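Going down the list, the protein sequences come from chains S, Y, Z and C.
Just so it is clear: in the first sequence, position 176 is 176 by the working numbering, and no numbers are missing.
Just so it is clear: in the second sequence, position 270 is 270 by the working numbering, and no numbers are missing.
Just so it is clear: in the third sequence, position 189 is 189 by the working numbering, and no numbers are missing.
Just so it is clear: in the fourth sequence, position 67 is 67 by the working numbering, and no numbers are missing.
These aren't lab readings, by the way, just hints derived from the structure by calculation.
Predicted model, so just to flag it, every value in this text is computed and none were measured.
One should not assume that every hint holds.
Note that the list lumps identical chains together, so a pair holds whenever it fits in one copy or between two copies.
[What the hints assert, rightly or not] Listed next, the in silico DSSO-like pairs over lysine-lysine satisfying Cα-Cα at most 30 Å (straight line): (1) K151 to K89; (2) K201 to K143; (3) K75 to K201; (4) K151 to K23; (5) K75 to K151; (6) K214 to K151.
4 protein chains.
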Amino acid sequence: MIVVLKHGTPDDKRDQLIEWIRKQGLDVHMSVGKNQTILGMVGDTRSIDKDLIACLDIVDSVKTVTDPFKLCNRKFHPAPSVINVGDVKIGGGNFVMIAGPCSVESEEQIVQVARSVKASGATMLRGGAFKPRTSPYDFQGLKADGLELLKIARAETGLPIVSEVMGIEELPLFEDIDMIQIGARNMQNFNLLREVGRTRKPVLLKRGLSNTLKELLMSAEYIMSGGNEQVVLCERGIRTFSDYTRNTLDLAAVPMLHKLTHLPVIVDPSHSTGIADLVSPMAVAAAACGADGLIIEVHNDPMHALCDGAQSLKPEDYAEVAKKVFAVRSIMNPEVAE
Amino acid sequence: MIVVLKHGTPDDKRDQLIEWIRKQGLDVHMSVGKNQTILGMVGDTRSIDKDLIACLDIVDSVKTVTDPFKLCNRKFHPAPSVINVGDVKIGGGNFVMIAGPCSVESEEQIVQVARSVKASGATMLRGGAFKPRTSPYDFQGLKADGLELLKIARAETGLPIVSEVMGIEELPLFEDIDMIQIGARNMQNFNLLREVGRTRKPVLLKRGLSNTLKELLMSAEYIMSGGNEQVVLCERGIRTFSDYTRNTLDLAAVPMLHKLTHLPVIVDPSHSTGIADLVSPMAVAAAACGADGLIIEVHNDPMHALCDGAQSLKPEDYAEVAKKVFAVRSIMNPEVAE
Amino acid sequence: MIVVLKHGTPDDKRDQLIEWIRKQGLDVHMSVGKNQTILGMVGDTRSIDKDLIACLDIVDSVKTVTDPFKLCNRKFHPAPSVINVGDVKIGGGNFVMIAGPCSVESEEQIVQVARSVKASGATMLRGGAFKPRTSPYDFQGLKADGLELLKIARAETGLPIVSEVMGIEELPLFEDIDMIQIGARNMQNFNLLREVGRTRKPVLLKRGLSNTLKELLMSAEYIMSGGNEQVVLCERGIRTFSDYTRNTLDLAAVPMLHKLTHLPVIVDPSHSTGIADLVSPMAVAAAACGADGLIIEVHNDPMHALCDGAQSLKPEDYAEVAKKVFAVRSIMNPEVAE
Amino acid sequence: MIVVLKHGTPDDKRDQLIEWIRKQGLDVHMSVGKNQTILGMVGDTRSIDKDLIACLDIVDSVKTVTDPFKLCNRKFHPAPSVINVGDVKIGGGNFVMIAGPCSVESEEQIVQVARSVKASGATMLRGGAFKPRTSPYDFQGLKADGLELLKIARAETGLPIVSEVMGIEELPLFEDIDMIQIGARNMQNFNLLREVGRTRKPVLLKRGLSNTLKELLMSAEYIMSGGNEQVVLCERGIRTFSDYTRNTLDLAAVPMLHKLTHLPVIVDPSHSTGIADLVSPMAVAAAACGADGLIIEVHNDPMHALCDGAQSLKPEDYAEVAKKVFAVRSIMNPEVAE
């Protein structure tokens, strides 16, 4: 951390600050220039409140030089992590194709969708049982029953299953689910993150609608600091002023996250756009820029889907998307694919 | 809900859609123009998925005409609600002054702050016991002990207390806390909202960093639909591209919310700006535009605050702010104050 | 345009509004429901101020159903437009590779870069002569001299040239430039748009940092309504809260614009990210999602570039990017390529 | 400027960079820590491209410590500037009330509005003659004729006049206009800023919809570096995801700008909200947080206004707003008023 003092700061005030910093267990390195004096703190500055120092009378500005995330930081772990979900590998050149309906609705529905997406090349099945809905009056999911139906579909197809958990109290129901999804709205539900960090289950952590990459990594850090290092990140669109699509898919986050962290990064082209026609182009774009996988909504009958029908593909459309994605994957060189 | 059909839609496709809408229990009113045909749905359209219809081949666009929030809607409840927290009234011309430290740190600290803010005119005490922190390595609050210290401060001063709950599992500890705060990051933690709706405690619901007013009202609706109508809304800044202040305080949300809902609206000038110098001007501005109260961070020794020191006022500064706020309040006519 | 009246609107007030609308030359279609009355306006509603009607006492809300853009609207012109710049075709399956330095600095530099990018497959040369800089103290470009150097590079390589114009007063200098660029900051410089619409030169119109797709199309409409229909749109990143990259590249705008307009859409992966390492992944992603071309910054010696060196590729890096882009293009089916 | 080198940077690469920095005319101060080496540049770093250095292989990050704006910087000019427009003073405790119609429409209209706002306490008259409209099909203003009508209204009332200029080519027509407005969309029309800097006329510079405070100050710097130091800044709302109001009024920008610059800061509550009902609360809030003035749209007959009627007040409403604003001003202490 670097503190720039205001021009004309009296020596005694400066020394007082230096003394205070030293009391926090840090060394201080002072550099006196013509127009400004700069204090460099040496040591573990994570416990220092940057904003607090920034608001001192004598301080012009404070700059941090250390990343606040550690366990997920690529600097300390240069090789890409590979996360195992059942037999499926994600990251380090392994591409995952997760597909399934927004909501699990019936055994017939989930088994039928599971079979069709598997035939098109999907390697994991998704399906919502606990649904976060903006309105209390909307369908909230089949809950425990939905999870049971997912397990049936897994038994029928062999596809590992992923589903969203909305609260700590639901976690026991996920004992036999292969991967736990933390949704965008819960990305900073720190209690839930901490609790999931105590499990030993792979976690799919979705980026919040207004969260920076640093915050996403700090949330991964919450999970990892509990001992659970099996985290897969998911870019699913951010909220901006732009109003033609539901959210703005921040695809550059994929290569940027690959620079910052060793964790795999997948993309959700369904929720990010909210428009079925845009799923295919954004899915191939995600594959092209090096994503480690895709999570795509597929419904057997979008017209009757209970939620989010607008962004769901029909199985035959998914087959087309998968073909294009595999074609793009086949020509990407390994360097980009990582 | 109004559906605009594409130019040249075949009659049979149009009739198919009309039939489908009727099956959902709605009437359809058709208006045929030269360039477009418009279908108006009559009835309770809340169960209809707007996005789903929007993605049909024959549909150009869909417009909603009904607010999705009902219990908090001013249209159906024109008089402003007054929420009681102990002896304190909020809304309908009653202005609340909530103040206190970001985190409860010790009995001495919280009692001292409580006494000083009460002397300056504060009518409620705030203090964080469970702290949502971006980093797992940061101070997370004194938890249950912090709540106990708040109660001591209440006993000493008579000020009702408000503190943030972060998860359902913590709720039993809030039995004897006067008002429960739902923080910005939990504004769409729907499980928590629903559970808080089952209590009969006043709730302070903070707007999420990237949430629209409609979403804020839908979250209030979650609480109210559980039977708990004692909700106070809080504008605390939204996330934008602007980077000099921590967030962008959206003060126009105050009069706008007053048009949309009968619930009281207070403002947090501390978290929204993150800069102590800006708390005073934004507090008086909030009072001037009709807010029903303020929640302000005050610390006895900001230099040693364990968190968020940068935005905390010293007690003597709070006294100044309170004086100005009361002066502004005294000249506002009742119409604006509502 | 559809006007939803408030519940309980008196008939005389309603009739007054209907009469007013009719005086504007429109027909009104009234639909009376249990809870609300809806007025549909039939005719050319472009001259009606939606906001004005929305603020009438008796009006609950106003919905528009007609796109405000016409000449660039795909509804009225379903085939994709092909824009010719010299021998180069853009759109309708024709992919353009524009490359060159941020700023023209010297004859040696621009000729050398032009030769190297041509060898890698570039089909047009870019180079800034008039530079929009945030600070008045930064390098502002070689101006008229820069344009002359671009022409020399064109003579040497045969590549058509594109350069940014910053004001009407500079237009005469662009007489012999093949394509005129309107930069992001001038996307709503309406005087400049109108003047460029009077020329018969192809225009590269960049999306503004905070402009919606509708506004981008309205700016294209300004140019086209002057009689110049040769407009190419360019997505170059929007401003959001996200801070790791300079801007947020909104790649979903490419397929979305293809739905809305017949004009070609290219992508600028250099300015949108501001980071050289991200240019390659975002360039291939843009090609994958159907962009009609790319504009990429290439510099012979980034370390000494006078501006924007951080996002410029070295010629050998550009060769790599081009190879990957062509590979992705070769496997895209025509449907997506459009 | 401070450069943080990556852990493990070889000494020769580091020394190469130091040498390069020295060649740019700067001194380098090196601080070697356990985990990182930091280079501090001493001297005028404004010519150094921060992004360029940031993208070097050996560089972890770059931090700037000097404000890029100088002439408008309060650090070098602690007293607030007072700008004179005719007899009207703005800033340093002097509050300006600018009012008038969005567009000048007729002599009768502008004279009538001018008289009524003057009677309510307005001290300057505004009126649009050249109108920036998103659509080429919308009313574009009376242009030169509109300016003539403004002068008639000035002659009738004595109020100095301000009107927006949209391009350099229009400047000669503003010879006899008292204050030139640069609109939000032209805040970074650098050619126009530079040209206006060559005049000796007071300038009202509006913040762009997606511009940071730093960019606003850099645009002021463009004008001032041409020798024209009579700049008044105007906050008029920024573009965010929030959709109930047209823009989000960033009122905290007022006290923040007062910390950063000595230039006066006024607020436009009309355009920022786009809703007449919100003008009054936001106007008093702006006065309460220390703005140096207000610019408010007033129309004699909003129902027939040719543009922006939705946000215009009737004269009698303006009289009410003015009363409240003056009441708030009367109780603000001078410290906040500055």
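Hint check results:
1. K151 to K89: Within one copy only: 20 Å inside a chain, 52 Å across chains, cut-off 30 Å.
2. K201 to K143: Classified as both; 19 Å inside a copy, 27 Å across copies.
3. K75 to K201: within (25 Å within a copy, 48 Å between copies)
4. K151 to K23: Neither. Shortest intra-copy (56 Å) and inter-copy (33 Å) distances fail the 30 Å Cα cut-off.
5. K75 to K151: Neither way: K75 and K151 sit 39 Å apart in one copy and 46 Å across, limit 30 Å.
6. K214 to K151: So K214 and K151 fail the 30 Å test inside a copy (35 Å) and across (37 Å) alike.
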